[in-house]
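> Next come the chains, spelled out residue by residue.
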Amino acid sequence: MTSAREEVLGRIRTALGEHRPEVVVPRDYRAADERPAEQLREVLVDRLEDYKASVLRCGPDEVGATVAAALDAGLGPGWDAGSVVVAPGVPAEWRPDGATEDDGRPAVELAAFAATLTGVAVAIAETGTLVLDGGPVSGRRAVSLLPDCLVCVVEAGQVVGGVPEALRRLDPTAPLTMVSGPSATSDIELERVEGVHGPRTLVVVLVA
Amino acid sequence: MRVALFATCLVDTVAPQVAMATARLLERLGHEVVVPAGQACCGQMHVNTGYRREAVPIVANHVRAFAGAEAIVSPSGSCVASIHHQQAMVLRRAGEDELAAEAEALAERTYELSQFLVDVLGVTDVGAYYPHRVTYHPTCHSLRLLRVGDRPLQLLRAVRGLELVELPGAEQCCGFGGTFSIKNSDTSTAMLTDKMANVLSTHAEVCTAGDASCLMHIGGGLSRLRSGTRTVHLAEILASTEDAVSPHQTTRPAVPA
Amino acid sequence: MTTAPERTDPTPLAPGAPRSGTTFLGLPTAPRGVGHLRGDRPFPDAARDALRDGQLRANLGHATSTIRAKRARVVGEVPDWEQLRQAGKALKTATMARLDEHLVELERQVTARGGTVHWARDAEEANAIVTRLVQATGTDEVVKVKSMATQEIGLNEALEAAGITAHETDLAELIVQLGDDAPSHILVPAIHKNRAEIREIFLRTMPQFQGEGADRDLPDEPRRLAMAARTHLRERFLRAKVAISGANFAVAETGTLAVVESEGNGRMCLTLPQTLITVMGIEKLVPTWRDLEVFLQLLPRSSTGERMNPYTSTWTGVTPGDGPQEFHLVLLDNGRTAVLADEVGREALHCIRCSACLNVCPVYERTGGHSYGSVYPGPIGAVLSPQLTGVEDNASLPYASSLCGACYDACPVAIDIPSILVHLRAEHVEAQEKTTPEAAAFKALSTAMSHPRLWRLTQRAAGLGRLLARGRPTLPPVLPPPASGWTRSRDLPTPPRETFTQAWAREHGGRS
Numbered sequence: 001m002t003s004a005r006e007e008v009l010g011r012i013r014t015a016l017g018e019h020r021p022e023v024v025v026p027r028d029y030r031a032a033d034e035r036p037a038e039q040l041r042e043v044l045v046d047r048l049e050d051y052k053a054s055v056l057r058c059g060p061d062e063v064g065a066t067v068a069a070a071l072d073a074g075l076g077p078g079w080d081a082g083s084v085v086v087a088p089g090v091p092a093e094w095r096p097d098g099a100t101e102d103d104g105r106p107a108v109e110l111a112a113f114a115a116t117l118t119g120v121a122v123a124i125a126e127t128g129t130l131v132l133d134g135g136p137v138s139g140r141r142a143v144s145l146l147p148d149c150l151v152c153v154v155e156a157g158q159v160v161g162g163v164p165e166a167l168r169r170l171d172p173t174a175p176l177t178m179v180s181g182p183s184a185t186s187d188i189e190l191e192r193v194e195g196v197h198g199p200r201t202l203v204v205v206l207v208a
Numbered sequence: 001m002r003v004a005l006f007a008t009c010l011v012d013t014v015a016p017q018v019a020m021a022t023a024r025l026l027e028r029l030g031h032e033v034v035v036p037a038g039q040a041c042c043g044q045m046h047v048n049t050g051y052r053r054e055a056v057p058i059v060a061n062h063v064r065a066f067a068g069a070e071a072i073v074s075p076s077g078s079c080v081a082s083i084h085h086q087q088a089m090v091l092r093r094a095g096e097d098e099l100a101a102e103a104e105a106l107a108e109r110t111y112e113l114s115q116f117l118v119d120v121l122g123v124t125d126v127g128a129y130y131p132h133r134v135t136y137h138p139t140c141h142s143l144r145l146l147r148v149g150d151r152p153l154q155l156l157r158a159v160r161g162l163e164l165v166e167l168p169g170a171e172q173c174c175g176f177g178g179t180f181s182i183k184n185s186d187t188s189t190a191m192l193t194d195k196m197a198n199v200l201s202t203h204a205e206v207c208t209a210g211d212a213s214c215l216m217h218i219g220g221g222l223s224r225l226r227s228g229t230r231t232v233h234l235a236e237i238l239a240s241t242e243d244a245v246s247p248h249q250t251t252r253p254a255v256p257a
Numbered sequence: 001m002t003t004a005p006e007r008t009d010p011t012p013l014a015p016g017a018p019r020s021g022t023t024f025l026g027l028p029t030a031p032r033g034v035g036h037l038r039g040d041r042p043f044p045d046a047a048r049d050a051l052r053d054g055q056l057r058a059n060l061g062h063a064t065s066t067i068r069a070k071r072a073r074v075v076g077e078v079p080d081w082e083q084l085r086q087a088g089k090a091l092k093t094a095t096m097a098r099l100d101e102h103l104v105e106l107e108r109q110v111t112a113r114g115g116t117v118h119w120a121r122d123a124e125e126a127n128a129i130v131t132r133l134v135q136a137t138g139t140d141e142v143v144k145v146k147s148m149a150t151q152e153i154g155l156n157e158a159l160e161a162a163g164i165t166a167h168e169t170d171l172a173e174l175i176v177q178l179g180d181d182a183p184s185h186i187l188v189p190a191i192h193k194n195r196a197e198i199r200e201i202f203l204r205t206m207p208q209f210q211g212e213g214a215d216r217d218l219p220d221e222p223r224r225l226a227m228a229a230r231t232h233l234r235e236r237f238l239r240a241k242v243a244i245s246g247a248n249f250a251v252a253e254t255g256t257l258a259v260v261e262s263e264g265n266g267r268m269c270l271t272l273p274q275t276l277i278t279v280m281g282i283e284k285l286v287p288t289w290r291d292l293e294v295f296l297q298l299l300p301r302s303s304t305g306e307r308m309n310p311y312t313s314t315w316t317g318v319t320p321g322d323g324p325q326e327f328h329l330v331l332l333d334n335g336r337t338a339v340l341a342d343e344v345g346r347e348a349l350h351c352i353r354c355s356a357c358l359n360v361c362p363v364y365e366r367t368g369g370h371s372y373g374s375v376y377p378g379p380i381g382a383v384l385s386p387q388l389t390g391v392e393d394n395a396s397l398p399y400a401s402s403l404c405g406a407c408y409d410a411c412p413v414a415i416d417i418p419s420i421l422v423h424l425r426a427e428h429v430e431a432q433e434k435t436t437p438e439a440a441a442f443k444a445l446s447t448a449m450s451h452p453r454l455w456r457l458t459q460r461a462a463g464l465g466r467l468l469a470r471g472r473p474t475l476p477p478v479l480p481p482p483a484s485g486w487t488r489s490r491d492l493p494t495p496p497r498e499t500f501t502q503a504w505a506r507e508h509g510g511r512s
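Protein chains in written order, with UniProt numbering: chain B, 1 to 208; chain C, 1 to 257; chain P, 1 to 512.
Isolated chain B (complex conformation) (with noise of 0.2 Å):
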């Protein structure tokens, strides 16, 4: 008995018979984006803010402090930092203090924790995308699931214009999350409304 997969395999080739075609693709869209990086980092707070983000801006040694306010923001003033998780690449700089690192326990248990902390590993401006590849600085990803506060730090040399940028720039055998604002929802009535099961506030923290 021939096997499901020489079948399926096997009815292709019929299918498909003697004479395949040869295809090209063309490939005339954009592929790179060419305004300034400033413009980007514009739009992608545009973007990012339009999916109901919240965006703070800070320059490269202000990260700590901005982290703080993120955190301010996203679960009011007077969070305990040791419900903060952190992923383990996360400089030691950005880190509110007290804050746990992510020590690869059972993922379930990172549902307890209100706060996450991140960095990416590309941003996309255009459609407002943060891109966390499962490595030290994005973290695994529960940790970027689980808690309901996630706040990511993008630093100025992230930014890409357009999806395909971004695509070249990561390792497709990385377990990648792409993550476009709060978890949402257009299943009533095709009205989004954010906040469903992934972390319903979303605090992007420029660097730049």
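Bear in mind the hints are in silico, worked out from the structure with no lab data behind them.
All values derive from a computational prediction rather than experimental measurement.
Just so you know, not all the hints are guaranteed correct.
Cross-link-like lysine to aspartate or glutamate pairs, in silico, DMTMM-like; alpha carbons within 25 Å at most [stated by the list, open to error]: (1) P:241 with B:148; (2) P:443 with C:98; (3) P:70 with P:416; (4) P:70 with C:171; (5) B:52 with B:194; (6) B:52 with B:42; (7) P:443 with P:433; (8) B:52 with B:189; (9) P:434 with P:40; (10) P:241 with B:103; (11) B:52 with B:72; (12) P:241 with P:326; (13) B:52 with P:221; (14) P:70 with B:42; (15) P:443 with P:392; (16) P:70 with P:220; (17) P:70 with P:221; (18) P:70 with B:50; (19) P:241 with P:157; (20) P:443 with C:97; (21) P:70 with B:194; (22) P:434 with P:45; (23) P:241 with P:160; (24) P:241 with P:140; (25) P:70 with C:194; (26) P:70 with B:49; (27) B:52 with P:220; (28) P:443 with P:430; (29) P:70 with B:189; (30) B:52 with B:191; (31) P:70 with P:80; (32) P:70 with B:46; (33) B:52 with P:77; (34) P:70 with B:191; (35) P:70 with C:166; (36) B:52 with B:148; (37) P:241 with B:109; (38) P:70 with P:409; (39) P:443 with C:96.
Fit chains C and P to the known structure of chain B by using the hints.
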């Protein structure tokens, strides 16, 4: 220019005034109009209902009837679209490659009326007079297959006395769809109802379009409702002149005999 | 071209009946008796009832006009939309032309990175594979990411028969599941329900609102309804051992799978359980990682009308320390190879399930998805379902369109749906062994329309219809079928005394 008029089976049989208006208009613009006697149908209804084999002799007849014509004009976006997009395909599928090539060549010389006027003749003001409030429905095949765009609107805007009012939801199908209107009569009627509601919301006296078939559908619905709003083909409006207006004011187009 | 599959009654399956038809190349279509590709009545009959449902009409009208406006706005801001669209179309054509090679490469890459690949000839085989995989983990419940493929094969029913509970986690799928309903849209399966109806379903079925002392304060604001779903599913996500997903894309060269979603339910399923089982139609492939740059631009703007959906997850096999440590990929045929065999119809396999064609379709907007009888409704469903099942099992669907072409314009990969509809109508007509009255009429008309003299006589005969009008401008409103289909709701003009060609010949002395 010597223009061969393709009346289409529907116009020829049930709306002859539309073809007559097309001929009068083209003649008024100084062109010679011929009506090849062998013409019948483009084959669209057969193709779209699934009878593509039976469409082959119809298409062959059409190609024969218009062979040698310099330019072919038809007052139907849908039939012209079928000539452009379906005829050669149907013939080729039946193994009639030579005829298919002829059909393709013929299609290149076949124009929908508004395209012919604006693109080939380069006119938008055809000297028409039609003192009525009119709304324009861009029929699906004119809109999406032929991409006639705003050509009919350009022509209508140049008609003296005509008040053009925008049709809400203009790009939505009226629900005709050939045999769809019979096979899926209920759905077709639901679409027609919404189209009529939009037409009536404009308080236009007349709804016009470039397809007699869609107009027969919309007009049939409006007539059933005794709405008082009638449908008039674009060709009839463009053919209307002040000289031909009768003393009794009516939305009936005044096409000179 | 296909020949007629043998005709039997639709579900339930008669004993001894063939399980499915085959195309003339011997490629089997999706089997009967399993899954959700066939309705129990023809489209016009189902539509007739739906059209009378005022609430449904209002809900669909509101939802589709909302999404149409959103889509138009975000598509309009992309200057190279048409280039992306043509690239998407070419990519899909190229993929199909080498589908076998790409699948083998995908299998190699997924396996190399710690995943296991399974092949399923049809719905039954896929259901059996998934059931066996779930049973092997020892659990009796799974969480599910919204997936058309698993809806198509009736996986939930198969799992239930094996004592396994499947929790749908997408909000719309949850509404459908809790409401004991059927999906009616590819993207938003509960599009036929409005907020008040959803609130009622939640209050009636969610445990959090039951029992004494339960806080039943649930306004019908979408935000509050979404919150109720979050609460309802949170615990289920955290305890789930197995998740089942579909896939929007699979990259052959890297073995990468992608799920595009909004709510985070997908991330929960793809991240938290120990075992992930993905069921994917064999046509969902793209050859290279770079190809995603096209589809990740086309899909979100076409489906939810967003520049980018809130979450896109990609994974490749198993990543130690991050996410499921066991990954199974089930590659599903279920009639797809039969579709591939049709040179015209195979373009339907290019579909990326965005549902833009549903949202712009004037027929779908009025009849809703249930009228189509298949999990794939709307224009794409009308070309996909009949091909997956064999056209005779969904013979009314190719006719469920006015051929207005709005679907083709909206399709992000430029599938020429109207042309496929027309092609399938011909397949249906040519599959009939007996001459129907309609076929006889069309044949007669064909003869007349290809012989000018005969055509003039036919026109004259049609003109005699004016006698029925007795001098009125329209024909009587009651005519026998099939004309009654027209005259029930529209007048027919009284045929003129003279055709145009007659009048012209008279004016021009017989010359043309």
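> Under the criterion that the straight-line Cα-Cα distance not exceed 25 Å, is the pair residue 241 (chain P), residue 103 (chain B) satisfied?
Given that 25 Å is the threshold and the Cα spacing comes to 22 Å, the pair holds.
> Would the hint linking residue 52 (chain B) and residue 194 (chain B) be met if the CA-CA limit is 25 Å?
Holds. Residue 52 (chain B) to residue 194 (chain B) sits at ~8 Å (cutoff 25 Å).
> With the threshold set at 25 Å, check whether the alpha-carbon distance from residue 70 (chain P) to residue 416 (chain P) stays at or below it.
23 Å, holds
> Check the hint pairing residue 434 (chain P) with residue 45 (chain P) against an upper bound of 25 Å on the C-alpha distance.
23 Å, holds
> Straight-line Cα separation of residue 443 (chain P) and residue 97 (chain C) no greater than 25 Å?
Given pair residue 443 (chain P), residue 97 (chain C) holds - Cα atoms ~23 Å apart, limit 25 Å.
> Starting from residue 70 (chain P), check that the Cα of residue 166 (chain C) is at most 25 Å away, please.
Cα-Cα ~22 Å, so holds.
> Given the proposed pairing of residue 52 (chain B) with residue 148 (chain B), does the C-alpha separation stay at or below 25 Å?
15 Å, holds
> CA of residue 52 (chain B) to CA of residue 77 (chain P), is that 25 Å or under?
19 Å, holds
> Does residue 72 (chain B) sit within 25 Å of residue 52 (chain B), going by the straight-line distance between their CA atoms?
With Cα atoms ~17 Å apart, residue 52 (chain B) and residue 72 (chain B) stay inside 25 Å; holds.
> Are the Cα atoms of residue 241 (chain P) and residue 148 (chain B) separated by 25 Å or less?
22 Å, holds
> Assess, step by step, whether the Cα of residue 443 (chain P) is no farther than 25 Å from the Cα of residue 96 (chain C), and give holds or violated.
19 Å, holds
> Given the hinted pair residue 70 (chain P) and residue 189 (chain B), is their alpha-carbon gap at most 25 Å?
Status holds; Cα separation ~13 Å.
In terms of the numbered hints stated before, the structure departs from none.
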